[in-house]
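Enquirer: Chains as they are written, first to last, in this note's numbering: chain A, 1 to 213; chain B, 1 to 267.
Any given hint could turn out to be false.
[What the hints assert, rightly or not] Under the rule of at most 20 Å between Cα atoms (straight-line distance), these lysine to any residue pairs were calculated in the SDA-like manner:
#: 1; chain 1: A; residue 1: Lys78; chain 2: A; residue 2: Ala115
#: 2; chain 1: A; residue 1: Lys101; chain 2: B; residue 2: Ser94
#: 3; chain 1: B; residue 1: Lys31; chain 2: A; residue 2: Asn112
#: 4; chain 1: A; residue 1: Lys133; chain 2: B; residue 2: Asn60
#: 5; chain 1: B; residue 1: Lys123; chain 2: A; residue 2: Val117
#: 6; chain 1: B; residue 1: Lys31; chain 2: A; residue 2: Asp135
#: 7; chain 1: A; residue 1: Lys101; chain 2: B; residue 2: Ser88
#: 8; chain 1: A; residue 1: Lys133; chain 2: B; residue 2: Asn56
#: 9; chain 1: B; residue 1: Lys149; chain 2: B; residue 2: Phe223
#: 10; chain 1: A; residue 1: Lys43; chain 2: A; residue 2: Val66
#: 11; chain 1: B; residue 1: Lys31; chain 2: B; residue 2: Asp49
#: 12; chain 1: A; residue 1: Lys133; chain 2: B; residue 2: Ser127
#: 13; chain 1: B; residue 1: Lys123; chain 2: B; residue 2: Ala22
#: 14; chain 1: A; residue 1: Lys101; chain 2: B; residue 2: Gly117
#: 15; chain 1: B; residue 1: Lys31; chain 2: A; residue 2: Ala115
#: 16; chain 1: B; residue 1: Lys123; chain 2: A; residue 2: Arg111
Hints listed in this document are in silico derivations from the structure and should not be mistaken for laboratory results.
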Amino acid sequence: MPQPQDMVGMNPRNPEQNFIFFELEIDSLVRILPGGHCYLKLKLSKSQSDEPILSVEVRNPEADIVSHQIPITIVLSKYWNTYARPTIKLRKMCISMPPPKSIARFIHAFRNMNARVVKFTASVSGDLRISTKIDHGEIDASFSDLQTNPSETDSQEETANVQLMIRNIQSLFQSFAHTRSRVKMNIISNRMAEFNIHNEDCVLSFIVGNVSD
Amino acid sequence: MELETGQVTVMEMKKENVKELAQILKTVVFKDFGMLYAFETGLKITVDDGAFQQANAFLNSAFFSDYKVREDRIALKLPIKTIYEFLSIPEGNSNSVKFSYSGMFDPLKLLIEESDGCVIRGKFNSSIADQELDFEFDDSAVPVTYLLKTQVLKEIFRDFDDTSRTVKMSLSSSVICFSTVGEVGETTVSIPSRSLQMESAKCTEEVEHSYQLSLLHRMNPAFALASKLILRVDERGVLSCQFSIDHGDCRTSYIEFLTVPTTETDE
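Pulled out of the complex, with its shape left as it was, chain B reads as follows (with noise of 0.2 Å):
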């Protein structure tokens, strides 16, 4: 581990308190690997399932107490999952992480300094990132979009009858409605557009489209995160959810969720 030596790297990063980050990439860790992507200008972490639904994370560079990034684009293959499991393991927030990368497919080699001295250094094998799966999510075609609180919407999430393999949604410019059909019957919860929860609302046409359930719940740790949601859909009904998160100081970072409804089939 040769994170302190002097090696040359093209990309080095810093970010005081860890638990931070930790709580990003738990938003986004339902896969054991994603990609991560290094831009002059912050970070971006994709995961995804292959099919079904991605889940993107926004950092900015100000995220980070230091940023240095010095080719046009890196782009890697990592062990995601273990890595937030590593970013978990140190206490309150006292305490650092330093990221460095020497290109190359090396190792990608984090150092957490905790307060009382302990030094926890972590080396994660890389390699090419896979092809990114492309939603084609076109924001110009987006005939719903909604601005709204997470304090009431992360509840009726969370509060899905599990027992219902879908959620339908039906998105009009006066209610979104949830609807899911379980064993113990149907059940719909609507959110008014006049709601001290929705911020705003615009709608061209009324849209009809369902959800899996599990794709979801994916989205819960990310509500329990941010304080505000855009959702929109877009003419084939993919959903993107974007998640804004608040760390204080003007800085925010962003999870977005996109996700593929159910075709009649599928149901």
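Bound conformation, chain A alone (with noise of 0.2 Å):
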């Protein structure tokens, strides 16, 4: 029985591991999706000059469908593990943060400021401290009765805390600013978090760290 070939190439797929890893230009999806539409299809193609292509078809509930054709770089699989998860070995402490709009205003105001690093430190009992040092003194604010997840956490110690780049994070607070989302911070190390923003029907997982000095 023949086995499934890969889009470029002739290498055999193992069916475990039938996936098709594919690059674009993020600004090329952002532009044609904001908008109301009520209707999108996505599909992976060909373009009439034999070229891969990720085809979007949109359409707002008072128009006709909208065909858009978006060049795609196909990665081969032995590159596969660039793009694998971050092992994340140990969870110093898990906590849910306050609304990300919360989050968001005090990351802008910080940012006019000139901050370049944040600082979160998260306690067992619940309580959040978001701190910033800045060249004429320092700022910080405390939040409490958070929720924390102590089985979710490798560690017995009672704090932890984390330094990051504003620059990382400012994007990733303001898109959620104006949304339900949830917001879960796992401290890594004192370098290196992961946020889990919990929406309706799905869960971005955001790992930033390398702050750098």
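Need the complex rebuilt from these two chains, each delivered in its own frame; the hints are there to steer you.
Expert: In structure tokens, the structure reads:
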């Protein structure tokens, strides 16, 4: 029985790894999607010149279907490891955060004050502190009675903290500022954290780290 | 951050509704640093650019729900723009901010409490206040004084031709004219003294002076907040704009802008 083939090349595909990895310019999709569409269809296809594309069909309630073609690059299986989710060996603390809108306004204010780094300090008792140092002083905000889940952590410590670059998380919280998403923060180390944003029907995992001094 | 400790302070005050204070500060923060002067009767916040313009915000002690100043005169240089950003963090009106200062150029400490239980603390470094620019505005030698409503004037100021470097003000007992010369040509806007916008006009001589448009634009946030303006020009052409901001319950704050005229060499 013939085995499933790669879209490019002729490498036999393991049925348990029947994936297609591809890359595209995010801006291309961002430009198409907003606009109150009631219909969306995505299809991997080939253009007339035999180039791989993502075909995007959208429709507004009172309009015809509009088709767009976004060029994509197929990623060969030997590079798939590059896209593997980082292994998170240890979670020092897991805490539910205040609404994204709240966090977004602090991050925005810190950015306006020319702060580069924000520090999150969480405790098992549900306290969260967001702080930053600026040229002319320091700011911190305290929240309490937040939900923690000690069973999801691998550490016995009462508190944990993480420092992150503000520019790396600002767009994340701004993007969800006007949604009803719930955010959970897992502190992995003092320089790495995972934010899980829970929406009605999906979860976004955002792993961020590498604070540059 | 030990705002809550029993440490003796030389100045402490509390303001309900942080937004009101943030809005006042917004009108004067055209530079990163400013001076804060605390007196028994209230606060003065001064920002100047070192040469052409100075803005002063006057906040009466009644503006605050609690106000204590324990020294005759406190003068501090503070990162006023950063403090404004800090005061802009809370949303809504159900919040308050406490200020405290222990003296000897300790940091100015602020504590904001929001209705949802969130507490925000700020600590801002203070230093010796710079020498204040003295425009020597002579109140006794003012040929022109107008009391105006800001409603139409704020749109006039906002809509000045951006391609014009200066605005010429021609002031007389019958009319105020604002003229610009830009890429589209010459534009003149006039407010006659019989206009409903003009509550009173006193003019002992007709005067004409020009001011840099960029300096006049700094007043736009004050126009947005104020209901009335006293516009005066002294004998040297220094423009004084005093904005009156009504907070209700007979509480009024004042913002004053002093602006130096352009000279022939500037033009």
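Enquirer: If a hint holds in the structure, say so; if it does not, say that too.
Expert: Checked hints:
1. Proposed proximity of Lys78/A and Ala115/A is contradicted: the alpha carbons are some 41 Å apart, above 20 Å.
2. A C-alpha spacing of about 17 Å is found between Lys101/A and Ser94/B, which places the hinted pair at or below 20 Å, so the restraint holds.
3. Annotation: proposed proximity of Lys31/B to Asn112/A holds, straight-line Cα distance about 14 Å (limit 20 Å).
4. A C-alpha spacing of about 32 Å is found between Lys133/A and Asn60/B, which places the hinted pair above 20 Å, so the restraint is violated.
5. Distance hint between Lys123/B and Val117/A is fulfilled; the C-alpha atoms sit about 17 Å from each other, no more than 20 Å.
6. Between Lys31/B and Asp135/A the alpha-carbon distance is near 15 Å, which keeps this suggested pair within the 20 Å criterion.
7. In summary, the hint linking Lys101/A to Ser88/B is supported, as the alpha carbons are separated by about 14 Å, within the 20 Å threshold.
8. In summary, the hint linking Lys133/A to Asn56/B is not supported, as the alpha carbons are separated by about 29 Å, beyond the 20 Å threshold.
9. Our distance criterion of 20 Å between C-alpha atoms is met by Lys149/B and Phe223/B, whose separation comes to about 10 Å.
10. For the hint linking Lys43/A to Val66/A, the alpha-carbon distance of about 14 Å falls within 20 Å, and the restraint holds.
11. Distance hint between Lys31/B and Asp49/B is fulfilled; the C-alpha atoms sit about 7 Å from each other, no more than 20 Å.
12. A threshold of 20 Å between alpha carbons decides the hint, and for Lys133/A with Ser127/B the separation of about 18 Å falls inside it, so the pair holds.
13. The straight-line distance between the Cα atoms of Lys123/B and Ala22/B is roughly 17 Å, inside the 20 Å bound, and the hint therefore holds.
14. Taking the CA atoms of Lys101/A and Gly117/B, the gap is about 16 Å. The hint holds against a cut of 20 Å.
15. Of the pairs offered as hints, the one joining Lys31/B and Ala115/A holds, with about 18 Å between alpha carbons and a cut-off of 20 Å not exceeded.
16. Taking the CA atoms of Lys123/B and Arg111/A, the gap is about 17 Å. The hint holds against a cut of 20 Å.
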